[in-house]
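**Student:** Single-letter residue listing:
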Amino acid sequence: MDSKRIKLMQGNEACVEGAIAAGMRFYAGYPITPSTEIAELSAVKLPKIGGKFIQMEDEIASMGAVIGASLAGLKSMTATSGPGFSLKQENLGYAAIVEVPCVVVNVQRGGPSTGLPTAPAQGDVMQAKWGTHGDHPIIALTPSSVRETFDLTIKAFNFAEKYRTPVILLMDEVIGHLREKVEIPNPDEIEIIDRVMTDKNKELYKPYEVEEGELTPKMAPFGQGYRFHVTGLIHDETGFPSGKPEVAEKLITRLVNKVELNKDDISLYEEFLLEDAEIAIVAYGGTARSAKYAIELARKQGLKVGLFKPMTIWPFLDKQIIQLSKKIKKVIVAEMNLGQYAIEVERVTGKYSEVYRCNRVNGELISPDEILAKIKEVY
Amino acid sequence: MPSKLVETYFRSNKLPHIWCPGCSHGIIMRSIAKAIDNLALDKDNVCIVSGIGCSSRATGYMDFNTLHTTHGRALSFATGIKLANPKLEVIVITGDGDCAAIGGNHLIHSARRNIGITTIVFNNSIYGMTGGQYSPATPTGAVGTTAPYGNIDPNFDLCQLVKAAGASYVARSTAYHANMVISQVEEGIKNKGFSFIEVASTCPTYYGRKNKMGNSVDMMTSLKENSINIKAAEKLDEDKVKGKLVIGEFYKVTKPEYTEEYQKIINSFQKER
Numbered sequence: 001m002d003s004k005r006i007k008l009m010q011g012n013e014a015c016v017e018g019a020i021a022a023g024m025r026f027y028a029g030y031p032i033t034p035s036t037e038i039a040e041l042s043a044v045k046l047p048k049i050g051g052k053f054i055q056m057e058d059e060i061a062s063m064g065a066v067i068g069a070s071l072a073g074l075k076s077m078t079a080t081s082g083p084g085f086s087l088k089q090e091n092l093g094y095a096a097i098v099e100v101p102c103v104v105v106n107v108q109r110g111g112p113s114t115g116l117p118t119a120p121a122q123g124d125v126m127q128a129k130w131g132t133h134g135d136h137p138i139i140a141l142t143p144s145s146v147r148e149t150f151d152l153t154i155k156a157f158n159f160a161e162k163y164r165t166p167v168i169l170l171m172d173e174v175i176g177h178l179r180e181k182v183e184i185p186n187p188d189e190i191e192i193i194d195r196v197m198t199d200k201n202k203e204l205y206k207p208y209e210v211e212e213g214e215l216t217p218k219m220a221p222f223g224q225g226y227r228f229h230v231t232g233l234i235h236d237e238t239g240f241p242s243g244k245p246e247v248a249e250k251l252i253t254r255l256v257n258k259v260e261l262n263k264d265d266i267s268l269y270e271e272f273l274l275e276d277a278e279i280a281i282v283a284y285g286g287t288a289r290s291a292k293y294a295i296e297l298a299r300k301q302g303l304k305v306g307l308f309k310p311m312t313i314w315p316f317l318d319k320q321i322i323q324l325s326k327k328i329k330k331v332i333v334a335e336m337n338l339g340q341y342a343i344e345v346e347r348v349t350g351k352y353s354e355v356y357r358c359n360r361v362n363g364e365l366i367s368p369d370e371i372l373a374k375i376k377e378v379y
Numbered sequence: 001m002p003s004k005l006v007e008t009y010f011r012s013n014k015l016p017h018i019w020c021p022g023c024s025h026g027i028i029m030r031s032i033a034k035a036i037d038n039l040a041l042d043k044d045n046v047c048i049v050s051g052i053g054c055s056s057r058a059t060g061y062m063d064f065n066t067l068h069t070t071h072g073r074a075l076s077f078a079t080g081i082k083l084a085n086p087k088l089e090v091i092v093i094t095g096d097g098d099c100a101a102i103g104g105n106h107l108i109h110s111a112r113r114n115i116g117i118t119t120i121v122f123n124n125s126i127y128g129m130t131g132g133q134y135s136p137a138t139p140t141g142a143v144g145t146t147a148p149y150g151n152i153d154p155n156f157d158l159c160q161l162v163k164a165a166g167a168s169y170v171a172r173s174t175a176y177h178a179n180m181v182i183s184q185v186e187e188g189i190k191n192k193g194f195s196f197i198e199v200a201s202t203c204p205t206y207y208g209r210k211n212k213m214g215n216s217v218d219m220m221t222s223l224k225e226n227s228i229n230i231k232a233a234e235k236l237d238e239d240k241v242k243g244k245l246v247i248g249e250f251y252k253v254t255k256p257e258y259t260e261e262y263q264k265i266i267n268s269f270q271k272e273r
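Note that the protein sequences, when read in sequence, are chains L and Y. If you use the numbering used here, the first sequence corresponds to residues 1 to 379, in order. If you use the numbering used here, the second sequence corresponds to residues 1 to 273, in order.
No lab work stands behind these hints, which were simulated from the structure alone. Just so it is clear, the structure is predicted and the values come from calculations on it, not from any experiment. Among these hints, one or two may not hold up.
Claimed, not checked - Some residues of chain L that are not near chain Y, with every Cβ distance over 10 Å (derived): (1) 5; (2) 76; (3) 190; (4) 268; (5) 272; (6) 315; (7) 323; (8) 350; (9) 370.
Stated by the list, open to error - Straight-line distance between alpha carbons at most 16 Å, and here's what the computed EDC-like set of lysine to aspartate or glutamate pairs gives: (10) L:351 / L:318; (11) L:48 / Y:261; (12) L:202 / Y:63; (13) L:202 / Y:249; (14) L:376 / L:236; (15) Y:14 / L:236.
In this text, a Cβ means the ideal position worked out from N, Cα and C, and glycines have one as well.
Just chain Y, same shape as in the assembly (with noise of 0.2 Å):
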């Protein structure tokens, strides 16, 4: 019998899923359908966008209105959800080669405007879908199948990408902190701006097993021994933080969204008359 989480958010005759055994992007979904169920939104007036990638299958799960895009995609559709009906409550999901790969330009531009949309990224270091490419998150020195020598690109720190870019709240967590991923989607669903919230993920079929990272449960164990929390790690020496991937809340500003901004040029014209 499904939960009734499940049996609320979820189209139940839609699963199981096609992740793998040990993949933790379902912890990340459930989390969003927690964060929307502590918020008691109305499903009917929520968007899921997703682009393409394992974690962008989660819209055909999940009982919003959805849309499963194209690759790196997804926020411009979006933006045109979003600009075209500002009441919807719109959630973009997408992964680390969708945003910050074929997507980065949209991630980039998105963020800047501070269009009221909601990222969440499953960054499970790896292009799962395609078999274990390297990827703009794929740490220095990882093997991939297409870094069999070890990857010698620097991997992106995407919060800093977005909240350069003109974000107005941004966030880590990792799947292992399912609490930390519901309290984060909570307070960027409640930001009116855009709000960027990047969730470590694990993939033990590619990333894992090529890296001799162990089974699920260990990857998942080194998700909590390697993170440290941004207000722990404020109060460390760096040398002490460096190699720890810093979770927790990076940064919140009130500033114009982009919807209603344009509302107000719209509004303009209507005194007029």
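Pulled out of the complex, with its shape left as it was, chain L reads as follows (with noise of 0.2 Å):
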């Protein structure tokens, strides 16, 4: 390991580092607490390797910009916090709907509304998921340390390149301004995915058609010649509205499945101490960090317990928490909101083991004695 790639990093930096190294060449954001730091490092980093950086009038309009960037063929990124994550929905349900790729990074602060500006929290996960109108696709991840912000931000954007589709790193205020050391993989050691462009000729292609078997069209390359359109409006393969029923039902599915059935691919998760286990904790992110240290008390003082770290929070993980749920009959879900991660592990294990809730919603972090605590309470 080359000395030089070993560094002293914050989690907002992380994410720089990562989106450029996944080819990150256009970002558009706007100021706010906790995420500013990855629009300024984009401002100084972009215009130097060629990209382009724009800070516009509101998130509303970054969001609109990063999905005409990407359209034109550039890799782009926006990073938000809470209030601006709400402001950004609109045009996230036009990238799922059109299909282009694009990574949203919300560093999640408290809330609702202004609520805990420079304070930690969890509460955006629904908001994730369901932020946006309508039946849509969703990928979301959750770094909980310095160096899986780099990976997983560059997972996004392999994920967001190869399903076509908008992709949201969710961190949270701890992991955002966490500095701690980092090793940066070399760029050969950097899995990088590329959006697949079509192979037909202009008269040929359609933009929205799928290869039999295939559930994500190929893009075209922009103003070169294809002409296609794009609209936010229910449409067909060739692009154009369509108001008929069976075109609405098979568009809306096959965006939905493109997530749905690659969970396989997309499902991102750690397992630690969980051979033997009692109890299993799960916890992501910034809290994670506290659960690992909470088990390895717990294991001192012989209590046997383990940790399932999501790092795709959506599409939930169902197949790895039901199977952990019906070798575990214990189960503690630790998060910094009142329990939105905690309903769906209790909607998939119900049947199969006992879950537990460790929440905070007060701006600051659960602490491993909290979660320690919790343990002994339930074990």
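Put the two chains together into one complex; each comes in its own frame, and the hints tell you how they fit.
**Tutor:** Now the structure itself:
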């Protein structure tokens, strides 16, 4: 390992490094705590590598610009926090229906509304899934360390490009502002996925046609003779609007299936000391760090506890969680909200195991001691 | 048989359009195509972006790289496209509600940046698609379905707004003055920075009928009779111009264009190497 690749880095910084490594060449954003460093660093770095940065007039415009730039051929990203994430939702839905790859980072802070701007929270889990209206696909990833932020930002771009869909990187203030030692992998160690371009000629190309057995249509270069139409209205494979019920059903089903039927590829998670565990903690993002430490403390006291850490928060890891609950009869879900992920865990584990909650919404981290106390309470 | 212009610049298989009989949006749409034809632009290099509303449906009919986006947001998508690929000729088609109400912020800031986008507003003084609600361009006193007792809102002078915000080309015409629309769109496209062309359109179905303005021919006649060219208006007393729609070129200036300024920053780093 080249010593130059070892750095002391903040989570927000690692997000930008990861994005650039993944090929990000366009960033549009609007200042908002605690995500602003992502915009600042993008503004510094992008022009140096021929990329573009623009600070837009608001969050809505940033999302629009990102989609426009991605369609025009540049891998694009925006970053925000709670109030801004609410504003992104309109055009996030547009990106989903027109199938334009993009990455939206949400460094979560305390909400609702202006809430606790500088304090951590994980209150946007459900908004990440259901924030925009209508049935739609969504992929959301959540890192629990600075290095993982780097890796998952790259994954976010890869999934966005592969499935032609917006991907949300759901960070939290803990990870966004955390500084730790990071080993940045060499470029040749990083897998980069680019959108698949059509090999059809201009006359035969249909922008939303999928080949037999596939779910994601191939893109065409923009401004090079394909002259296709893009609309947020329900459209058929030619890209033009249609009001036919069968066209609407076919499109929405395919959009959702792009993610649902590729869960095995998209599902990222880690397991820690689960082999002999009698209690499983389910924790993600900043909270997973407290959980891991609590588990180490518990183990020293002879308590058999393990961790299941989802890194893919959406689509929900139902297969893995069901498997887990069949084996372990007690599950504690620790999260900085009032049980947004626990609801999902309870939904699938109901008949197999008991689910306990460990929550906080006061802008403070859930401490290892708190989780340890919960472990002892339910053991 | 479609005309040569229609055949060349329109997706004939998507026509006829959805606009009501007597609506003059079609005249403006044709005028844009004619301006592009006069400038002999390469269709592949032209990108037309629209928002939501009657006018914004135009992009579906025009044979270019087209984007029908979200309500009011066309300019933000267009900004992303133009900055990502400044070689593209980016045109925005929008309506009075789309650009002056929900999209007002994007309009102001696109003008301020003087980014190379030509914006054409089809101003029919009403929200047509949703059935005749008053817009920021509905004159005070006029009736709309949401202004049943007469509109008390003062209406926007969009040309003044955009000029003050920083646009480098600002003009107004009407659907009656089709040749003027064509030449203004040509000038707008030729201008490197942000160009804004407001075209007064007619909505006989919702605006005309509610306000007892007669049929579409009467409304077109009224566009002719109630407008005055800025060159003529400048020579007349203010009271003789009052109540008339002033048309013509209002403002034309050369100043730095946004994507070119950004490219200078990129170039400065390439020189360092």
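**Student:** Tell me, which hint numbers fail for this structure?
**Tutor:** 2, 13 and 14
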